[in-house]
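Those protein sequences? They're chains G and S, same order as listed.
Residues in the first sequence are numbered consecutively from 142, following our numbering.
Residues in the second sequence are numbered consecutively from 371, following our numbering.
It should be emphasised that the hints constitute simulated quantities derived from the structure, not laboratory data.
Worth double-checking, as some hints may not be accurate.
Quick list of in silico lysine-lysine cross-link-like pairs, BS3-like style, CA-CA up to 25 Å [claimed, not checked]:
| hint | chain 1 | residue 1 | chain 2 | residue 2 |
| --- | --- | --- | --- | --- |
| 1 | S | K385 | G | K604 |
| 2 | G | K604 | S | K382 |
| 3 | S | K385 | G | K589 |
| 4 | G | K589 | S | K487 |
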Amino acid sequence: MPLHPLHGPPGLLDLKSVPEPVTHTAGLLAQLDEVFESGFGRLSSANLQTLASLASSFAGTPLAEPLQAAIAGLGRSEFVDRHFAVIAAARAAAHGAMHDALVAQACAALSRPRPELEVFAAAPAQEAPPRAAVLLESVRQWLMELAIAGFANLEVGALLPFQATLDAIMAEPALVRHAALLSGFLDELLTVFPAHGKPEVPRLRWVDLWARSMVLSLAPPAPVATREVKGELRVFATDLRQHDHVVCLVAFGALHEPGKPPRVVRTSVSAFKVDVLQGEDLAGLLNEVGGKLLEAIAGGQGLKIAGMLLHATGDLVWQESRAEVLPAKLKLAEEAAAVLTTPTALRPSARPEDRHPAVIEELVWLPAEAYAATGKEPREVSLGGSPFPLASERVPVSDDLPLAELAGSKGLVALLRFDGGRWSLQPVMIDKGKPRMVGTSLQSARAKARGGNLATLKERAGKLLRKKS
Amino acid sequence: MIRPRVLPRARKVQKVPFVELYAGRLQGVVSSGSDQDRVYVSYFEAGSGNFYCSTNNNRPCGGLRGSPCKHLVELLNEGVLQYGAARVIAYLGLQAEPDKVKSGGELLRHIKGGPHKVEAGMVFSRFLTYLQYVSVAPTGVPLPDMAWFVR
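One chain only, chain S, in its complex shape:
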């Protein structure tokens, strides 16, 4: 077994297929609990602490009533799992102590912003880019520059 680099346990992508720290946001895609074909697009913004959750067709999430919905909590949990609490806290600029954080949900009380709409397409197109990587054909040609990338 070749160990994952940072993950305390392997992240499962069934519920949250995509999470990233990008363009000043912790953002991602969360599967709907009820409808197999529906996904939610969710984000937290660094600094302001603003957040939003909607379907990829820009319909606001029904659970979003002034405070983060369950999709946003799941996003935070998976974000901490993917990147570690320290990186998420530093990226979002939260006043929390990384060593004491066991799950992303605990960071919720440090989120000071409110719901603030962004176009879901902005995040969703990132998900499509992400998926593009697993669709590129693997190769047997030499890649000498990979000598720089070791972990």
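Only chain G is shown next, with the shape it has when bound in the complex:
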């Protein structure tokens, strides 16, 4: 039971401040990111000083020595990818430490245990596809060129050749995660860099994407340890993520396995796409991989699953053939309240190498009496009279989850997020008697999507790509 039933999760207001080490590390990384903007090809004395203080902040850690060597090498204009790999690893490690400190702060405030990875037997070793290694080497080469030039000095002509590498990565199923990340990153670079003019560089974001890409490309992906699960999945919240070339519907739910207490898991269905495919076309794209998931989300029903694979991070690998939509309508708000009020340590989290403040998504349940919101586009909720920011910029514009519905709602599931140096809440399900969440309209949009843009493009692709090969 919550300690303060009238104020929802105790202590969210403790998150108005940020731990000092987090702010300090963010400041150090902001200086490092300036080097990425101006480029490693022309290091100023200020840049060299920044790199030196980065190295000293890693003193006594396993990264200290490689980092010293990499920085010395870069200072001598040795442009080899291993130096950049070390810089990326150091930046990722610093973000990992920030992530851990922030999660500890959030869990203390919410009086819940920190999330833990479930322990599985190691996955059997498996050989990576032969092309993966050389493709990833090409990625590192490209990333190195970006870093040498600097984001402020990029030219469109230098970005275009990478498209051919990306095409090959897209054709390699083992590199699906790389394809999703790199296609989004390249899109963004190409959007911001038109033929001429000096655009503003979203520095932190681009260096994040750069470092993620580099860390992910250091070695071909190793097989992931999983275990088979069976039971019932009750999805009570969703989130939609997308760029021009990928759409990803993330679902959070309670997993009821026989003989075990219910726990929170995360699952997702994703599809590659092109910019013109939006709105109802998303339904057509996701239907193929997650039609039953869309059906259950639309109807507020449970899913019987058998033999689906669960990752140690609480991520369920969605497989249509192993799911069955159950007929009964569930009380999803009650389901969410029950599993989120006192969650166990086994709940969705990130692998150590993926940890970064931007991937923190701690699920919270707020009962009606805990919060109040007003207006058509609320930017904050009132928690017992105190304002707390809403991450409204993360909520897609839709009829499925309009934030205006917060006013007078009976409860709320939100992701606690950290962005822009502060904590905020992203609503992912609003209880209006009937649950409101992103994706509830996709089921009915499937029919409309038939014969639309997706069908036309698929038909063209069928004809033309066959001709080409």
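Mind docking chain S on chain G? Use the hints.
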């Protein structure tokens, strides 16, 4: 309904299956009005305002007589629909006021260049890359990096 991000109305791909701002050009593929199997490859170049239209086998479009043909007008219309007038105007470096532009066709009088041939294959291969995206299998595996991509 999940709303499109920028489009004032959803673009239909039947007539213009492909349009993009790329490599200093507004370029795309326009279906022929008469022959189902024929497509035209059209582009406007940023800065110079040069343009061209040909079949994907490099046969020049018959409608191209010193000024943009109807395929190029359609390309401009769909480009504005896809990206918004402001982005197209900025990309092509046109002297037009974005707020006053209601359709792409109105931008035509700001195009100062003339017909200038490029190999259709350059644009057409981009179309094939574009189509490749809708041919990749969807997936149920976790994609944690998508946390960065929200709109």
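Results for each hint:
1. For the hint linking K385/S to K604/G, the alpha-carbon distance of about 17 Å falls within 25 Å, and the restraint holds.
2. The hinted pair formed by K604/G and K382/S meets the criterion: a straight-line CA distance of about 19 Å does not exceed 25 Å.
3. Restraint check for K385/S and K589/G: the C-alpha separation of about 19 Å stays at or below 25 Å, so the hint holds.
4. Restraint check for K589/G and K487/S: not satisfied, since their Cα atoms lie roughly 40 Å apart, outside the 25 Å limit.
Comparing the model with each earlier hint shows a violation of hint 4 alone; every other hint is respected.
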